[in-house]
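S.K.: Listed here are the chains, written in short residue letters.
2 protein chains.
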Amino acid sequence: MANVQPKFEFVEGGVTAPLGFTAGTACCGIKPGNKTKLDLCIIKSDGPANAAGIFTKNAVKAAAVTKTISNLKNGTAQCIVANSGNANCCNKFEHEAADTTAELCANAVGVNPDDVLVASTGVIGEVLNMDAVKKGIAQASNAMSKENSSDCAAAIMTTDTVKKEFAVQLELDGKQVKIGAIAKGSGMIHINMGTMLSFVTTDAAVAPEILKTALLQAAEETYNMVTVDGDTSTNDTLVILANGLAQNKIITEKNDDYKNFVAALTALFEKIARTLAKDGEGATKLIVTTVNNAKTAQQAKKIAKTVAGSSLVKSAMFGADANWGRILCAVGYSGAAEDVSDVDVCFKSASGSIAVCKKSKGLGFDEEKATQILQQSEIEIIIDMHSGDQTAHAYGCDLTYDYVKINGSYRT
Amino acid sequence: MANVQPKFEFVEGGVTAPLGFTAGTACCGIKPGNKTKLDLCIIKSDGPANAAGIFTKNAVKAAAVTKTISNLKNGTAQCIVANSGNANCCNKFEHEAADTTAELCANAVGVNPDDVLVASTGVIGEVLNMDAVKKGIAQASNAMSKENSSDCAAAIMTTDTVKKEFAVQLELDGKQVKIGAIAKGSGMIHINMGTMLSFVTTDAAVAPEILKTALLQAAEETYNMVTVDGDTSTNDTLVILANGLAQNKIITEKNDDYKNFVAALTALFEKIARTLAKDGEGATKLIVTTVNNAKTAQQAKKIAKTVAGSSLVKSAMFGADANWGRILCAVGYSGAAEDVSDVDVCFKSASGSIAVCKKSKGLGFDEEKATQILQQSEIEIIIDMHSGDQTAHAYGCDLTYDYVKINGSYRT
Numbered sequence: 341m342a343n344v345q346p347k348f349e350f351v352e353g354g355v356t357a358p359l360g361f362t363a364g365t366a367c368c369g370i371k372p373g374n375k376t377k378l379d380l381c382i383i384k385s386d387g388p389a390n391a392a393g394i395f396t397k398n399a400v401k402a403a404a405v406t407k408t409i410s411n412l413k414n415g416t417a418q419c420i421v422a423n424s425g426n427a428n429c430c431n432k433f434e435h436e437a438a439d440t441t442a443e444l445c446a447n448a449v450g451v452n453p454d455d456v457l458v459a460s461t462g463v464i465g466e467v468l469n470m471d472a473v474k475k476g477i478a479q480a481s482n483a484m485s486k487e488n489s490s491d492c493a494a495a496i497m498t499t500d501t502v503k504k505e506f507a508v509q510l511e512l513d514g515k516q517v518k519i520g521a522i523a524k525g526s527g528m529i530h531i532n533m534g535t536m537l538s539f540v541t542t543d544a545a546v547a548p549e550i551l552k553t554a555l556l557q558a559a560e561e562t563y564n565m566v567t568v569d570g571d572t573s574t575n576d577t578l579v580i581l582a583n584g585l586a587q588n589k590i591i592t593e594k595n596d597d598y599k600n601f602v603a604a605l606t607a608l609f610e611k612i613a614r615t616l617a618k619d620g621e622g623a624t625k626l627i628v629t630t631v632n633n634a635k636t637a638q639q640a641k642k643i644a645k646t647v648a649g650s651s652l653v654k655s656a657m658f659g660a661d662a663n664w665g666r667i668l669c670a671v672g673y674s675g676a677a678e679d680v681s682d683v684d685v686c687f688k689s690a691s692g693s694i695a696v697c698k699k700s701k702g703l704g705f706d707e708e709k710a711t712q713i714l715q716q717s718e719i720e721i722i723i724d725m726h727s728g729d730q731t732a733h734a735y736g737c738d739l740t741y742d743y744v745k746i747n748g749s750y751r752t
Numbered sequence: 341m342a343n344v345q346p347k348f349e350f351v352e353g354g355v356t357a358p359l360g361f362t363a364g365t366a367c368c369g370i371k372p373g374n375k376t377k378l379d380l381c382i383i384k385s386d387g388p389a390n391a392a393g394i395f396t397k398n399a400v401k402a403a404a405v406t407k408t409i410s411n412l413k414n415g416t417a418q419c420i421v422a423n424s425g426n427a428n429c430c431n432k433f434e435h436e437a438a439d440t441t442a443e444l445c446a447n448a449v450g451v452n453p454d455d456v457l458v459a460s461t462g463v464i465g466e467v468l469n470m471d472a473v474k475k476g477i478a479q480a481s482n483a484m485s486k487e488n489s490s491d492c493a494a495a496i497m498t499t500d501t502v503k504k505e506f507a508v509q510l511e512l513d514g515k516q517v518k519i520g521a522i523a524k525g526s527g528m529i530h531i532n533m534g535t536m537l538s539f540v541t542t543d544a545a546v547a548p549e550i551l552k553t554a555l556l557q558a559a560e561e562t563y564n565m566v567t568v569d570g571d572t573s574t575n576d577t578l579v580i581l582a583n584g585l586a587q588n589k590i591i592t593e594k595n596d597d598y599k600n601f602v603a604a605l606t607a608l609f610e611k612i613a614r615t616l617a618k619d620g621e622g623a624t625k626l627i628v629t630t631v632n633n634a635k636t637a638q639q640a641k642k643i644a645k646t647v648a649g650s651s652l653v654k655s656a657m658f659g660a661d662a663n664w665g666r667i668l669c670a671v672g673y674s675g676a677a678e679d680v681s682d683v684d685v686c687f688k689s690a691s692g693s694i695a696v697c698k699k700s701k702g703l704g705f706d707e708e709k710a711t712q713i714l715q716q717s718e719i720e721i722i723i724d725m726h727s728g729d730q731t732a733h734a735y736g737c738d739l740t741y742d743y744v745k746i747n748g749s750y751r752t
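So the sequences go chain by chain: A and B. 711 is the number that my numbering gives to position 371 of the first sequence; each next residue is one higher, with no gaps. 351 is the number that my numbering gives to position 11 of the second sequence; each next residue is one higher, with no gaps.
Identical chains blur together in the list; that is why a pair holds if it fits in one copy or across any two.
In the BS3-like style, the derived pairs of lysine-lysine whose C-alpha atoms are separated by at most 25 angstroms in a straight line are:
#	residue 1	residue 2
1	K745	K377
2	K699	K635
3	K688	K745
4	K371	K698
Hint data in this document are derived by calculation from the structure and do not stem from the laboratory.
Pulled out of the complex, with its shape left as it was, chain A reads as follows (with noise of 0.2 angstroms):
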C-alpha cells in the first residue's frame, strides 16, 4: 500500500450512506425478557450486489455462518438480517433457524432466499425463539430507510458499549464512491477473526473475486490484528456488499482504482479496529502495540500479537503500571523472534513518550512520567526489533476487573 497516496475522506452516514442500500431494526425479544434493546436488523441494496465474506476459522461453526458461506458462492447477495442476543449456535434447530430467517427475510424484503445473508450473535447453546425473529423481521422490513445505519450497530451489541459505525468517500474513475460499515465485537474477538459482526456495504462497482481480494487485505492488517482475548467465536462474520450503483469502471484487476479502494476500506477497518480494541469487554484503555524494524511482516505480526494478547501486558497497563520486563518476555515467548538481545521497548501517549528498555536491559526511567502516560486512554507501545524495516500495529486493550465481571456471568 506504500505508492497509494490515499485520498478518501470520512463521512456520515455508515452502511446507508452508500447509494442504494436502507436498513430496518426492531426489538422483537429475542433475549428473553429483553424489552428495549434492539435485537435484529436487516439492511438492504436496492438490487443484487456482488458480495464476499471472511469468517471464523473455529471448527465449530454456527449455523448463521454455514447459511452464509453457502448464499456467497456465487458472489452475489442482496440482503443482510443480523440478529443479537442468541448466537443459534449448538442447538438441535440452529439450521432449520437459519434457513426460516433467510426465508422470512427474502419474502418480507422481496429478495431471493439465496440472496440473503445471516449473522446471529449472542449465548451459545440456545434455541433461537422463532416467534421473536418473524416478529422482528416484519417489524424491521416495514422500516427501511438510509435513517436507520446507527440503529443497526445498536441492533448488532451485545456487550459492547459504544456503537461502531463509519463511513469513507472517496474517487474512483471520475466517481464519487462511498463504503460504510458497521460492527460488533468486544469479547471473544481474537486474531483469527477481529470481530464477531462486521457489515460493509458500497456502492463502488468491483468484480466478487476481487471483492474478496479487497476483503482479505484490508482485514489483514486491522480486524486480524485486534486482540482482546484468546478466544475466538463460532460466529465471526465479516461480508461486503457492491452494488455498483456509484457507476465506476467496474474493478476486475489490482489496478490503480483497485489500490485507492483498497486504501480507504483499510482505513475504514482500522478506524472500526481501534474502536473495537478500545471497546473489548471491560476495557478502560486502547493499547496499541507497534512493532519496528522487524526481520519479515509475519515476524512484526506475530510480536504486536503476541504482546498485545498478553494478559499480564495487558493487567499492567490497567495499572499504569510499566512493567516493560513483561513486554520483553512476550517477545521471547512469540516464538517469532530468535535474537532478543536488542530490543528497545518505549510507551507513547497523549501525555508524551518515554524509553524505557534499550538493547534489551532497562533504562533508568522517571516513573513519575511512565505513569502519567500509561494513565492516558489511548496508549502505543512500540517496540524496535532493529532487524529489518517491516512494521505492525496490533490493537488490544487492557484486563480490567469489568472483564472478569461481564464474563463470570454472561448468560444471566
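With chain A's structure known, arrange chain B on it following the hints.
M.R.: Just chain B now, with coordinates in the frame of chain A:
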C-alpha cells in the same frame, strides 16, 4: 504407565526428606523494603548427585537459567541456591550476578562452583542487589538442617499464597527411597513449563541420562499441563538432584525400577501441579479439564490445555456460570479437533456431576444444581470426544478480579 501398580506413599519432609539433603534459608532484603519475607534458600546434598533439568522455552532466558543449564552439562550437581524478589533478567549485570551467586554459595557450603545450580524469580529488568545476596548466602549456609524444607518453599514464593512442598516414599530394589519437591509459581506459568521454579531431591541412585528422561516423562503430564495465564516466564526452572544414598541398584535403563520411580515422581508432580493451578494468581478454584476418548494423546492434551486456558471459560467458572458453549467453542478453536459434532460436556465436583451438552447440542439441565456444582473449590470439566481412547488432564484455575488486581501493580 498403565501397567505399573503405584507402590508409593506420600510422606512429610519435602526436599529434605531423602537421605543426605539439608537446606537453609534467609531473609536478606533482595526486594527493597522487605524485612520479613524469606527470600533466599540453599538446598544441598551431602555428596555429589546426578542431576537433570528442564527450562523455559522463552527466547529471553534469565542469567540463572543459562548458568544452571551450563552447570548441568556434566550431569552432576550438589547444591541449589535460589532467590525470590528479583528475576535477575534483562539487566546489564545479570550474568555477573549469577556467576557471583554460584561462587559465593560454593564457598559458603564447600562445594565446587560448577556444582551449584542457580535460580531466581521476581521482577524482570532490575539489577540484583548483591550485597543482599551475599548476606543471605552467609545466613542460609550457616543454618543448613533437615528441618528447613518448608522454609525453602516459603523463600521462593512471590505472589504465591500457599507453600508447595510434598514428598513420596517408595521401594526400589528392596531399598527405601524418597523423592521430595518444592515449587513456586502462580502467575506467568503456562504450558511450556508449568511452574517458574521447582526443585526436586531424591536419594535414589539414577544415572544422569535416564534421570532426565524420567523428569521429562513426569513433567509432561503434570507441570506441562498447568495453565494459569498465557504467559511463559524467562526463569522457569525444574531441576532434580539424585544422590544415590538409598543404595538401590542404580537405574540406567527403563526397567521396572524406572517405571516405579517415574510413577512416584509423576504422582508427586501431579500433587504440585494441582496446588500450583489452585494457587494461580487471584484464583478461587482449581479447574481440572479432562478430555476423554480423544483420537490421539496429542489431541487430548491440546484440547484440555485450550479449554483450561480460555479466558472466557475461566471467567465463567469464577462466576459459577455453566456456560458450556464457551467450552465447545474452545474445543473448536483448539486446532486439534476436525470433527466437533459429537462432543459431550459434563461438570463434576464434590457436589455431584451434571451433563450439560450431548453430541454438541445443549441439554436441558437443572441450572440450580449446575451452579451448586460450580460453586465448589475444585471443579472438573469433563469433555468426551467419542473419537478414540486417549485421555488427558489440564490443571487451571478461574480468572478473577484479584488476578487483575495483583498484576495491575506487581512492581509496586
